[in-house]
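Please arrange chain B on chain A, whose structure you already have, making use of the hints.
Here is what each chain is made of, one letter per residue.
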Amino acid sequence: MISKLINRKIFTLLKVQYSNMLEYRVEIALWAISGIIPFFMLNIWTNNNLNESINFSDVMLSRYFLCAFLVRQFSVVWVVFSFEEDSLMGKVSPYLIQPLNPFFRYFAQHLAEQITRFPFALIIAFFFFILNPESIWIPNLGILFLSIISTFLSFLIQFLIQSIVACLCFWTEKASSIERLLFIPTLFLSGLLAPVVSFPEYVKSWIYLTPFPYLIDFPANLLSGNKTNISGGLSIQILWIILLFPLFKKIWSEGTKKYTAMGS
Amino acid sequence: MNLRKYLKVYKNFLHTSFASELEYKTNLLVDLITAILSLIGSVFLLSIFFQNNSYIGGWKFEQALIIQGIYTVLNGITNTWFNPNLTEIVKHIREGTLDFVLLKPIDSQFFISLKKITPSGFLEIILGFCLLLYCMKINQINLNLSFLTLCLITIICSICILYSLWFFISTTTIWFVKTWNATEVLRSFLYIGRFPLNSFSFSLRIFFSVFIPIAFITTIPSEVFLGISQLWKILLEVIVALIFLSTSRKFWLFALKFYSSASS
Numbered sequence: 001m002i003s004k005l006i007n008r009k010i011f012t013l014l015k016v017q018y019s020n021m022l023e024y025r026v027e028i029a030l031w032a033i034s035g036i037i038p039f040f041m042l043n044i045w046t047n048n049n050l051n052e053s054i055n056f057s058d059v060m061l062s063r064y065f066l067c068a069f070l071v072r073q074f075s076v077v078w079v080v081f082s083f084e085e086d087s088l089m090g091k092v093s094p095y096l097i098q099p100l101n102p103f104f105r106y107f108a109q110h111l112a113e114q115i116t117r118f119p120f121a122l123i124i125a126f127f128f129f130i131l132n133p134e135s136i137w138i139p140n141l142g143i144l145f146l147s148i149i150s151t152f153l154s155f156l157i158q159f160l161i162q163s164i165v166a167c168l169c170f171w172t173e174k175a176s177s178i179e180r181l182l183f184i185p186t187l188f189l190s191g192l193l194a195p196v197v198s199f200p201e202y203v204k205s206w207i208y209l210t211p212f213p214y215l216i217d218f219p220a221n222l223l224s225g226n227k228t229n230i231s232g233g234l235s236i237q238i239l240w241i242i243l244l245f246p247l248f249k250k251i252w253s254e255g256t257k258k259y260t261a262m263g264s
Numbered sequence: 001m002n003l004r005k006y007l008k009v010y011k012n013f014l015h016t017s018f019a020s021e022l023e024y025k026t027n028l029l030v031d032l033i034t035a036i037l038s039l040i041g042s043v044f045l046l047s048i049f050f051q052n053n054s055y056i057g058g059w060k061f062e063q064a065l066i067i068q069g070i071y072t073v074l075n076g077i078t079n080t081w082f083n084p085n086l087t088e089i090v091k092h093i094r095e096g097t098l099d100f101v102l103l104k105p106i107d108s109q110f111f112i113s114l115k116k117i118t119p120s121g122f123l124e125i126i127l128g129f130c131l132l133l134y135c136m137k138i139n140q141i142n143l144n145l146s147f148l149t150l151c152l153i154t155i156i157c158s159i160c161i162l163y164s165l166w167f168f169i170s171t172t173t174i175w176f177v178k179t180w181n182a183t184e185v186l187r188s189f190l191y192i193g194r195f196p197l198n199s200f201s202f203s204l205r206i207f208f209s210v211f212i213p214i215a216f217i218t219t220i221p222s223e224v225f226l227g228i229s230q231l232w233k234i235l236l237e238v239i240v241a242l243i244f245l246s247t248s249r250k251f252w253l254f255a256l257k258f259y260s261s262a263s264s
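Residue numbers (our numbering), protein chains in the order written: chain A, 1 to 264; chain B, 1 to 264.
Just chain A, same shape as in the assembly (with noise of 0.2 Å):
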């Protein structure tokens, strides 16, 4: 009865968003453009042979660069913006009134815009195909299927991290600097840019304690089929959401208590 009424709940709510985001497709195409950053560093590692030093050969470095495109496609994370927006507008009020943590709003748009996004950038990795045809690869279905799921781990880490950012509305009102400020190192230390392995020993030797590599470096390397420790990426990925979401339950429960209705 209950996990009925969750479903029904979900596939409104995924069915509403759905319709909303096929509203603004031109804008989710070009937010899948705005992605190709990895392409340009691809580029750079190249044309400069700088892959020669890290033992990756031409054609699995730009595997890899293509994965980290793809994984950073469905594992962008804006809550934090919308949240903040909405709490400023006093939108939250009608929200918190719902029996619905308005978190699962928010992440099913988050889910109806990956579906959105899906045509895009397969269209984009297919062009990726076109102009390099020697890096061309059918992964097993097995690595696929595991890889999917550390994309969606993935999704989740960010996902939470920012909904804890996106609490701190509660406190200051402006938490999208805050969330500003997380992304550097996300950029930087998640191997969008550079293959974490190609970082020089003493990034290396702490890097994997934080959440970072396993956002986008573990699960592209899963997917373009580069030798990965799969049962550790995968636990220690749950182990950050487990570790997450209390935190997220918590900050929650007391943000709600200091919030004051906004703009109504």
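Please keep in mind that the hints were generated in silico from the structure rather than gathered at the bench. Just so you know, not all the hints are guaranteed correct.
[To be verified] Each computed BS3-like pair below joins lysine-lysine, with the alpha-carbon atoms no more than 30 Å apart:
{"hint": "1", "chain 1": "A", "residue 1": "174", "chain 2": "B", "residue 2": "60"}
{"hint": "2", "chain 1": "B", "residue 1": "91", "chain 2": "A", "residue 2": "15"}
{"hint": "3", "chain 1": "B", "residue 1": "115", "chain 2": "B", "residue 2": "104"}
{"hint": "4", "chain 1": "A", "residue 1": "204", "chain 2": "A", "residue 2": "91"}
{"hint": "5", "chain 1": "B", "residue 1": "115", "chain 2": "A", "residue 2": "91"}
{"hint": "6", "chain 1": "A", "residue 1": "257", "chain 2": "A", "residue 2": "174"}
{"hint": "7", "chain 1": "A", "residue 1": "174", "chain 2": "B", "residue 2": "115"}
{"hint": "8", "chain 1": "B", "residue 1": "115", "chain 2": "A", "residue 2": "258"}
{"hint": "9", "chain 1": "B", "residue 1": "91", "chain 2": "B", "residue 2": "233"}
{"hint": "10", "chain 1": "B", "residue 1": "250", "chain 2": "B", "residue 2": "115"}
{"hint": "11", "chain 1": "A", "residue 1": "174", "chain 2": "B", "residue 2": "116"}
{"hint": "12", "chain 1": "B", "residue 1": "116", "chain 2": "A", "residue 2": "91"}
{"hint": "13", "chain 1": "B", "residue 1": "11", "chain 2": "B", "residue 2": "104"}
{"hint": "14", "chain 1": "A", "residue 1": "174", "chain 2": "B", "residue 2": "25"}
{"hint": "15", "chain 1": "A", "residue 1": "250", "chain 2": "A", "residue 2": "4"}
{"hint": "16", "chain 1": "A", "residue 1": "204", "chain 2": "B", "residue 2": "60"}
{"hint": "17", "chain 1": "A", "residue 1": "91", "chain 2": "B", "residue 2": "25"}
{"hint": "18", "chain 1": "A", "residue 1": "91", "chain 2": "B", "residue 2": "91"}
{"hint": "19", "chain 1": "B", "residue 1": "257", "chain 2": "A", "residue 2": "174"}
{"hint": "20", "chain 1": "B", "residue 1": "25", "chain 2": "A", "residue 2": "249"}
{"hint": "21", "chain 1": "B", "residue 1": "104", "chain 2": "B", "residue 2": "116"}
{"hint": "22", "chain 1": "B", "residue 1": "233", "chain 2": "B", "residue 2": "257"}
{"hint": "23", "chain 1": "B", "residue 1": "25", "chain 2": "A", "residue 2": "257"}
{"hint": "24", "chain 1": "B", "residue 1": "25", "chain 2": "A", "residue 2": "250"}
Okay, now just chain B, sitting in the frame of chain A:
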């Protein structure tokens, strides 16, 4: 006198935007940390590239740092002036408030491009200049008058090109209305400006000097800085900047003919 009127109006713009930005004082601190981290991150990325190579695209690490410095200054300028104002254009057009701007007895492009200011971008500009000073020391560059004027001219030209690019993209919203993310695409392309143009493959080099002249924005000023730029390149940059400025102006006036107000 017309100029005096504009100066007076600008002083008022400064006053109001400072007042509204200083509402969020902790934001300034967070933004400072973000700017510092972002600079550290890009130097870190650069150091990965130079780990086993002493030259990238013909640039040494010490020289490539100059490009970083100039990029940081320009990025600071973007964050201070262009970003807050030109994303506002999109909002004006979407909500139909551009009507109020057009009705004012003042040039609409002036109003729309300079209305707001985000003071936290200053920190980035200062950081960039500090890096440039450091670069002058390690590259043993002597200061003299002709060097300074040439640097100033090329940097001003870069700012003009950058402004025109931003303004051009934002103006297209008059037709497409929902293109918030178009500025994101530009932003990701501008990311290329952190690296010497010669480090990219030939086709990308052509693309980034003809279609989106990022080459002119950071590489030429850096060459001037090093004293290795030819005169024709500087002249070319001045010409490109003039063309971009006048085209962006004409484009704005042209686009306004197609503006049909919204929701009124």
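Hints and how they fare:
no.	hint	result
1	A/174 with B/60	violated, 41 Å
2	B/91 with A/15	holds, 27 Å
3	B/115 with B/104	holds, 13 Å
4	A/204 with A/91	violated, 43 Å
5	B/115 with A/91	holds, 27 Å
6	A/257 with A/174	holds, 18 Å
7	A/174 with B/115	holds, 21 Å
8	B/115 with A/258	violated, 34 Å
9	B/91 with B/233	violated, 38 Å
10	B/250 with B/115	holds, 20 Å
11	A/174 with B/116	holds, 18 Å
12	B/116 with A/91	holds, 26 Å
13	B/11 with B/104	holds, 17 Å
14	A/174 with B/25	holds, 10 Å
15	A/250 with A/4	holds, 27 Å
16	A/204 with B/60	holds, 25 Å
17	A/91 with B/25	holds, 24 Å
18	A/91 with B/91	holds, 19 Å
19	B/257 with A/174	violated, 37 Å
20	B/25 with A/249	holds, 28 Å
21	B/104 with B/116	holds, 17 Å
22	B/233 with B/257	violated, 36 Å
23	B/25 with A/257	holds, 24 Å
24	B/25 with A/250	holds, 27 Å
In terms of the numbered hints stated before, the structure departs from hints 1, 4, 8, 9, 19 and 22, listed from lowest to highest.
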